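As given, the protein sequences belong to chains X and Y, one line each in that order. Quick note: the first sequence, position 390, residue 390 per my numbering, numbers continuous. Just so we're on the same page, my numbering is the position in the second sequence counted from 1, plus 588.
No lab work stands behind these hints, which were simulated from the structure alone. Accuracy of the hints is not assured; some may be wrong.
[Claimed, not checked] Straight line, CA to CA, 20 Å or less: simulated EDC-like cross-link-like pairs of lysine to aspartate or glutamate: (1) X:LYS570 / X:GLU585; (2) Y:LYS637 / X:GLU508; (3) X:LYS116 / Y:ASP780; (4) X:LYS465 / X:GLU485; (5) X:LYS500 / Y:ASP613; (6) Y:LYS637 / X:GLU461; (7) X:LYS158 / Y:GLU704; (8) Y:LYS823 / Y:GLU794; (9) X:LYS451 / Y:GLU624; (10) Y:LYS725 / X:ASP114; (11) X:LYS116 / Y:GLU794; (12) X:LYS457 / X:GLU508; (13) X:LYS131 / X:ASP86; (14) X:LYS548 / X:GLU491; (15) X:LYS116 / X:ASP101; (16) X:LYS447 / Y:GLU641; (17) X:LYS574 / X:GLU531; (18) Y:LYS637 / X:GLU458; (19) Y:LYS637 / X:GLU450; (20) X:LYS366 / X:ASP101.
Note that the structure is a prediction, hence the values are computed from the model and not measured.
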Amino acid sequence: MSSSDNITYHSHDVIIVGAGGAGMRAAIEAGSEASVAVISKLFPTRSHTGAAQGGMAAALANVEEDSWEWHTFDTVKGGDYLVDQDAAEILAKESVQAVIDLENMGLPFNRTPDGKIDQRRFGGHTRDHGKAPVRRSCYAADRTGHMILQTLYQTCVKLGIEFYNEFYVLDLVMNDGKPAGVVAYELATGEIHVFAGKSIVFATGGFGKIYKTTSNAHTLTGDGVAIAFRRGIPLEDMEFYQFHPTGLAGLGILLSEAARGEGGILRNASGERFMERYAPTIKDLAPRDMVARAMANEVREGRGAGPNKDYVLLDLTHLEPAVIDAKLPDITEFARTYLGVEPYTEPVPVFPTAHYAMGGIPTNIKAEVLSDNDTVIPGLYAAGECACVSVHGANRLGTNSLLDINVFGKRAGKYSVEYAKTAKQVPMPEDAAKDVLELLQKVRNAKGKEKVAQLRKELQETMDKNAQVFRTEETLNEALAKIAELRKRYEKISVQDQGKRFNTDLLEAVELGFLLDLAEVTVITCRERRESRGAHLREDYTERNDKKFMVHSMAYKQNKIDKKTGIDIKVDWKPVVITNYQPMERKY
Amino acid sequence: MDKAIAEVASFTVTIMIRRFDPEVDQEPKWVDYDVEMFGTDRVLDALHKIKWEIDGSLTFRRSCAHGVCGSDAMRINGRNRLACKTLIKDLDISNPIYIEPIKGLPVEKDLIVNMEPFYQAYRDINPFLMASDTPTKERLQSPEDRARYDDTTKCILCAACTTSCPVFWTDGQYFGPAAIVNAHRFIFDSRDEGAQVRIDILNDKEGVWRCRTTFNCTEACPRGIEVTKAIAEVKQAILRGRP
Chain X
1 MSSSDNITYH SHDVIIVGAG GAGMRAAIEA GSEASVAVIS KLFPTRSHTG
51 AAQGGMAAAL ANVEEDSWEW HTFDTVKGGD YLVDQDAAEI LAKESVQAVI
101 DLENMGLPFN RTPDGKIDQR RFGGHTRDHG KAPVRRSCYA ADRTGHMILQ
151 TLYQTCVKLG IEFYNEFYVL DLVMNDGKPA GVVAYELATG EIHVFAGKSI
201 VFATGGFGKI YKTTSNAHTL TGDGVAIAFR RGIPLEDMEF YQFHPTGLAG
251 LGILLSEAAR GEGGILRNAS GERFMERYAP TIKDLAPRDM VARAMANEVR
301 EGRGAGPNKD YVLLDLTHLE PAVIDAKLPD ITEFARTYLG VEPYTEPVPV
351 FPTAHYAMGG IPTNIKAEVL SDNDTVIPGL YAAGECACVS VHGANRLGTN
401 SLLDINVFGK RAGKYSVEYA KTAKQVPMPE DAAKDVLELL QKVRNAKGKE
451 KVAQLRKELQ ETMDKNAQVF RTEETLNEAL AKIAELRKRY EKISVQDQGK
501 RFNTDLLEAV ELGFLLDLAE VTVITCRERR ESRGAHLRED YTERNDKKFM
551 VHSMAYKQNK IDKKTGIDIK VDWKPVVITN YQPMERKY
Chain Y
589 MDKAIAEVAS FTVTIMIRRF DPEVDQEPKW VDYDVEMFGT DRVLDALHKI
639 KWEIDGSLTF RRSCAHGVCG SDAMRINGRN RLACKTLIKD LDISNPIYIE
689 PIKGLPVEKD LIVNMEPFYQ AYRDINPFLM ASDTPTKERL QSPEDRARYD
739 DTTKCILCAA CTTSCPVFWT DGQYFGPAAI VNAHRFIFDS RDEGAQVRID
789 ILNDKEGVWR CRTTFNCTEA CPRGIEVTKA IAEVKQAILR GRP
């Protein structure tokens with residue numbers, strides 16, 4: 001570590017950005033073999049992995065027959081065939097070891113009477129290619145993500161992993177197309193740190209805050225994804241954003257799909273179990289895109305519950321209170337705390353909530369980041385929600401994200417440390433922090449009248465209105481026009497807090513810049529995909545069009561604004577990897 | 589629920605915040621804000637409203653906003669709570685709501701404290717599974733053995749318990765409830781072999797014997813952990829010399 005001009009310089013073999021599940025799993029894999037630093041905008045156990053509830057899929061077959069091949073098929077079909085099947089095979093095959101790794105680290109899974117890891121049902125996970133729901137989700141009550149995050153952090157403490165907490169990474173330093181390190185802003189002091197590393201792993205999570213109604217944390221502003229995009233790295237499949245069916249109505253707080261896995265039923269205002277009409281075989285346990293759409297449709301057609309008929313009901317009243325207490329304690333408490341509803345006796349008001357980005361920074365199965373359809377950027381890795389490998393395709397299955405962070409987080413750790421052992425450090429340019437310093441100075445010194453919170457609110461509202469469960473060319477163009485307007489107003493913001501210490505006012509302004517970038521890419525790719533697939537429903541193109549769109553989108557930032565379109569983003573396409581499963585109609 | 593949401597219309601409430609900016613202020617001061625809130629709003633919503641609409645320099649930690657990340661523990665009307673889990677309508681809104689940083693840790697700015705001494709106490713009790721075997725499969729654990737330490741696995745390290753403890757306020761060296769809760773989580777895990785190590789650590793003069801069973805910690809825990817009971821079980825384990 002050295003210091004000059006108030007910039008502190010650090011050097012490590014492997015730099016991991018983000019201390020959620022993927023980042024810490026990578027650190028554990030790499031930590032004993034090299035000098036590893038984990039840089040995170042939060043203290044590690046504050047990361048949003050901790051909010052995941054229901055479980056982690058793995059075909060352990062502890063309670064009934066199961067196989068990794070069935071799991072692969074479910075993942076591919078659940079993703080509406082946009083999944084890269086080589087990656088899905090790895091996800092399913094390595095899931096068993098991933099669960100055992102966590103158990104061995106100490107994770108307190110729920111147990112079967114004979115002491116094995118217990119498993120339960122979850123949406124879209126089936127026996128023998130769709131015949132019936134299967135018990136595949138390994139879980140710890142309804143706080144599986146909390147237990148994964150705690151266990152990974154505990155293991156990092158055990159291994160003595162070095163953390164830089166409350167450091168906001170604001171730039172990726174590229175030198176001649178290769179990564180040299182990252183630049184970070186230290187929240188406590190306002191100082192700038194430059195981290196040189198032979199390998200850089202991005203594990204920065206999602207960007208749900210582009211939407212208003214979301215299960216995501218306030219801190220999920222997509223910093224890592226936006227930084228990569230600004231540095232010329234394409235973003236893959238950004239039009240596929242998952243809306244989780246059961247957010248607490250009006251609030252968006254997540255109620256786990258485990259509620260339905262344990263027998264909960266969705267009902268409309270008249271008490272009808274409406275999922276019987278939409279997915280006759282697996283009903284309430286259909287994949288999330290189908291359930292969210294069905295719910296939105298019930299409301300749109302006037303069958304919603306409540307004074308404004310704007311939500312549906314999650315009914316747990318037929319479950320034994322003891323079962324609810326043992327398996328769903330947290331989510332039932334959310335209903336009591338935030339809505340004053342007693343789930344033992346009353347159904348819970350729910351509506352879809354923005355939840356998970358299927359798309360992100362493109363990688364291959366070694367978690368290496370790609371600069372186009374197939375060119376690897378040596379030394380740069382990504383894993384978890386910020387990445388797109390793509391195991392989730394057009395719609396992620398529940399319990400596959402906690403699995404994803406463990407399987408591909410581990411792979412990112414393994415391959416990044418392997419690379420760092422032989423690679424030379426890419427020279428760090430002398431002015432590495434220049435762009436960050438300029439950005440901060442510009443934001444800090446802005447003297448306009450616009451308020452960051454107001455612009456963010458308007459962005460989130462336009463995304464909820466125009467790019468949520470239902471989309472058309474018209475709504476998407478409306479969103480784009482609004483984003484263009486917000487960009488202009490963003491030039492005229494001001495930041496009230498001019499201090500150096502814990503200046504969250506300044507950082508919220510910087511984060512809004514990331515949100516604007518990602519919302520724009522999301523809307524543009526939504527517009528370019530003129531078909532309906534998985535989570536992406538175009539009401540003006542209601543059918544899946546395999547002839548034209550059985551491809552991933554790849555959005556690139558251009559150097560200049562196109563005169564005809566008025567935007568600086570180009571959308572290209574990338575073939576889907578198909579191994580065993582040809583696209584079929586998706587019925588449940 | 590319809591009743592709960594529909595009938596609690598908007599209301600105006602006064603929020604008094606203990607503010608301190610080390611770059612400007614010599615010492616902390618109370619500042620009051622009047623804000624219009626709604627029936628489902630939490631204290632965190634009020635803080636955001638002030639930060640986003642009135643004074644951007646108001647500083648606090650927050651992330652998940654629904655009580656699982658543990659970022660926003662603070663003293664609200666004299667009690668440690670999570671701002672995101674405290675509904676304003678459940679407080680006495682006819683009087684000002686007083687919000688100040690949790691006690692016993694150095695204040696950095698406004699509602700942000702230096703958590704490092706708290707984290708260090710946690711790390712000091714070896715908060716990780718200690719086992720000599722190298723299994724190739726899952727270890728077995730009966731549901732009864734799993735239930736033995738279930739309660740203490742809920743901890744989110746928010747520090748609400750430790751910073752509500754009068755012993756911790758006067759003696760910052762005391763491990764505090766949260767560290768002991770996390771020791772309990774491993775001492776009573778049938779897979780763990782490190783109980784003796786942790787028992788020795790907590791049998792120290794700054795260990796469990798400093799607990800005066802005032803139950804502040806149990807009342808403060810936003811996760812409903814029976815903290816005082818967990819501490820008592822660790823004390824018993826020390827006396828027995830085993831879990």
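Hints versus structure:
no. : hint                : verdict
1   : X:LYS570 / X:GLU585 : 30 Å, violated
2   : Y:LYS637 / X:GLU508 : 14 Å, holds
3   : X:LYS116 / Y:ASP780 : 17 Å, holds
4   : X:LYS465 / X:GLU485 : 16 Å, holds
5   : X:LYS500 / Y:ASP613 : 14 Å, holds
6   : Y:LYS637 / X:GLU461 : 17 Å, holds
7   : X:LYS158 / Y:GLU704 : 17 Å, holds
8   : Y:LYS823 / Y:GLU794 : 13 Å, holds
9   : X:LYS451 / Y:GLU624 : 19 Å, holds
10  : Y:LYS725 / X:ASP114 : 15 Å, holds
11  : X:LYS116 / Y:GLU794 : 38 Å, violated
12  : X:LYS457 / X:GLU508 : 12 Å, holds
13  : X:LYS131 / X:ASP86  : 24 Å, violated
14  : X:LYS548 / X:GLU491 : 39 Å, violated
15  : X:LYS116 / X:ASP101 : 14 Å, holds
16  : X:LYS447 / Y:GLU641 : 16 Å, holds
17  : X:LYS574 / X:GLU531 : 16 Å, holds
18  : Y:LYS637 / X:GLU458 : 15 Å, holds
19  : Y:LYS637 / X:GLU450 : 16 Å, holds
20  : X:LYS366 / X:ASP101 : 19 Å, holds
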